[in-house]
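Protein chains: 2
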Amino acid sequence: MTDALHPLDAATTFTPAADGSLTGRTSPAYWNMVGPFGGVTAAQLLKAAMDHPARIGEPVAQTVNFCAPIAEGDFVIRVKEVRSGRSVQHLYAELVQGETIAANATMVFARRSQTWGHHASPMPEAPPAAEVPLLTQKPPLAWLKAYDFRYISGLPIMASEAFPTPQSARSLIWVADQPRRPLDHVGLASLCDVFIVRVFQVRGLRTPAGTVSMTSYFHASPEELARQGTRPLLAKVDSIRFGDQFHDQQAELWSDEGKLLATTTQVVWFRD
Amino acid sequence: MTDALHPLDAATTFTPAADGSLTGRTSPAYWNMVGPFGGVTAAQLLKAAMDHPARIGEPVAQTVNFCAPIAEGDFVIRVKEVRSGRSVQHLYAELVQGETIAANATMVFARRSQTWGHHASPMPEAPPAAEVPLLTQKPPLAWLKAYDFRYISGLPIMASEAFPTPQSARSLIWVADQPRRPLDHVGLASLCDVFIVRVFQVRGLRTPAGTVSMTSYFHASPEELARQGTRPLLAKVDSIRFGDQFHDQQAELWSDEGKLLATTTQVVWFRD
Chain A
1 MTDALHPLDA ATTFTPAADG SLTGRTSPAY WNMVGPFGGV TAAQLLKAAM DHPARIGEPV
61 AQTVNFCAPI AEGDFVIRVK EVRSGRSVQH LYAELVQGET IAANATMVFA RRSQTWGHHA
121 SPMPEAPPAA EVPLLTQKPP LAWLKAYDFR YISGLPIMAS EAFPTPQSAR SLIWVADQPR
181 RPLDHVGLAS LCDVFIVRVF QVRGLRTPAG TVSMTSYFHA SPEELARQGT RPLLAKVDSI
241 RFGDQFHDQQ AELWSDEGKL LATTTQVVWF RD
Chain B
1 MTDALHPLDA ATTFTPAADG SLTGRTSPAY WNMVGPFGGV TAAQLLKAAM DHPARIGEPV
61 AQTVNFCAPI AEGDFVIRVK EVRSGRSVQH LYAELVQGET IAANATMVFA RRSQTWGHHA
121 SPMPEAPPAA EVPLLTQKPP LAWLKAYDFR YISGLPIMAS EAFPTPQSAR SLIWVADQPR
181 RPLDHVGLAS LCDVFIVRVF QVRGLRTPAG TVSMTSYFHA SPEELARQGT RPLLAKVDSI
241 RFGDQFHDQQ AELWSDEGKL LATTTQVVWF RD
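Protein sequence lines, in the order shown, are assigned to chains A and B. Number 110 in our numbering belongs to position 110 of the first sequence; there are no gaps in the numbering. Number 167 in our numbering belongs to position 167 of the second sequence; there are no gaps in the numbering.
FYI, nobody ran anything at the bench for these hints, they're computed from the structure. Computed from a predicted model, the values in this text were never measured in an experiment. Quick reminder that beta carbons are idealized off the backbone N, C-alpha and C, glycines included. Honestly, I wouldn't trust all of these hints.
[Unchecked claim] Below, simulated DSS-like cross-link-like pairs (lysine-lysine); rule was C-alpha separation at most 27 Å, straight line:
1. A/LYS80 to A/LYS145
2. A/LYS236 to A/LYS259
3. A/LYS80 to B/LYS80
4. A/LYS80 to A/LYS138
5. B/LYS236 to B/LYS259
6. A/LYS236 to B/LYS236
7. B/LYS259 to A/LYS236
8. B/LYS236 to B/LYS138
9. B/LYS145 to B/LYS80
10. A/LYS259 to B/LYS236
[Claimed, not checked] A partial selection of chain A residues facing chain B, derived with a Cβ cut-off under 7 Å:
11. THR23
12. THR26
13. ASN104
14. GLY117
15. HIS219
[To be verified] Label-pair restraints from in silico Cβ distances:
16. B/LYS138 to A/SER153: 36 to 44 Å
17. A/GLY73 to B/ALA159: 34 to 42 Å
18. B/PRO53 to A/ASP51: 32 to 40 Å
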């Protein structure tokens, strides 16, 4: 360990301006093919909202829309307070480069208090992370190095031609930040986008594709996330319908103690 | 059939102002306990976006945040063009009463074109709608009369005390507009909110509760929805984690020909 900031903390550190806007910069550690990994953009928008002076409580929901490619370099995030109730707050944020709104987000925060609680479904069955081999062969994309993946099932295999029969859209994975980082909502927001888009896996073929909109719900308190610490999360992902340039994707992120930490869904654009 | 507008079409008819804003009015036909049924608000925000002069293509994604109670009477919807690419467009809308932003929405539209297509999972097994009894005993809420429900499983049963053991969070239902209405994206957006919130069903108890944020993805073309016509849709819903005032909810809406028409998720606030 060094005293250096974790790359995700460096990526979510902003310079505030007098008008309340925040200037940030794209992170080389989370670079994808032609722009940043979407998860880091979600984390940046969430952190900018958490930095808003009127923010109350903790994150409950976030929808991020990826509106335009984000270019390497500086961006500005503006957060607007839409509505603040006694315990629930709605914020809206835009990530801007020049004249272009490259991403926007709606976010819900809440001062949560204890109520009746229940898990209606158990964590998917999985061997402990330590018994699942670490994925070492990865395509040369920076963001893939920012996570450790241990595939229990549904390892995407890419070929030069599509499989004659579509593969399963499901994957079950132990996943963790690399280097390790104690879990918090900012880290969880980014982990919600950690899945190879399903169209690649199902076809076995990499074509132009990208997330258009992503929604994540956060079900755990900061204390519960802190207790999870740096240990891997169990992540389950699936999709149902592919066609006419888009597909759905649904996922769950579980603590290794069997608690659902986040549910997340996205709609993915793809080309043949 | 009469020549009168269907209540959902009446609810989504607006008066445009010179500044591009649209004035609408809450619908008695879709009234819930202390405000409108969330689905009609989603339909109103989607229709307002579809009415925007710069709108291209058809709806792909919608996130609606329910920020404050909507009072009976007039409201104004303002739609902003966030970003328009060649084939994908992002819009943002606010529904305002007086000084209060009561709801907001981000929406994705696209000019879709044909690509490789695939259903990775089949429709849930269900008897035909005609073989499932129509639910006739309903609480006296207007919006419940605006839909026909045929529960295959997971009929919510309310009692004066919570069940000693939580019930299943799942329901499988044939659902249709009442009176019947040919399916389109506006109708589908509303149908995405047609589920009794899961906390009622699991506990068997009605406590203060409401949807805070809802995201729907639309997987079918206008032509495919038109082919479905007025026939009931198969709807499957489930939740996993309840606690500290919130729970998740995930659902799928299927055509009776076995195609996934929409996936939808929401986060629900509740009190003990």
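A quick look at each hint next to the structure:
{"no.": "1", "hint": "A/LYS80 to A/LYS145", "in the structure": "violated, 34 Å"}
{"no.": "2", "hint": "A/LYS236 to A/LYS259", "in the structure": "holds, 13 Å"}
{"no.": "3", "hint": "A/LYS80 to B/LYS80", "in the structure": "holds, 15 Å"}
{"no.": "4", "hint": "A/LYS80 to A/LYS138", "in the structure": "violated, 39 Å"}
{"no.": "5", "hint": "B/LYS236 to B/LYS259", "in the structure": "holds, 13 Å"}
{"no.": "6", "hint": "A/LYS236 to B/LYS236", "in the structure": "holds, 19 Å"}
{"no.": "7", "hint": "B/LYS259 to A/LYS236", "in the structure": "holds, 23 Å"}
{"no.": "8", "hint": "B/LYS236 to B/LYS138", "in the structure": "holds, 20 Å"}
{"no.": "9", "hint": "B/LYS145 to B/LYS80", "in the structure": "violated, 34 Å"}
{"no.": "10", "hint": "A/LYS259 to B/LYS236", "in the structure": "holds, 23 Å"}
{"no.": "11", "hint": "THR23", "in the structure": "violated, 20 Å"}
{"no.": "12", "hint": "THR26", "in the structure": "violated, 18 Å"}
{"no.": "13", "hint": "ASN104", "in the structure": "holds, 6 Å"}
{"no.": "14", "hint": "GLY117", "in the structure": "holds, 3 Å"}
{"no.": "15", "hint": "HIS219", "in the structure": "holds, 5 Å"}
{"no.": "16", "hint": "B/LYS138 to A/SER153: 36 to 44 Å", "in the structure": "holds, 43 Å"}
{"no.": "17", "hint": "A/GLY73 to B/ALA159: 34 to 42 Å", "in the structure": "violated, 59 Å"}
{"no.": "18", "hint": "B/PRO53 to A/ASP51: 32 to 40 Å", "in the structure": "holds, 36 Å"}
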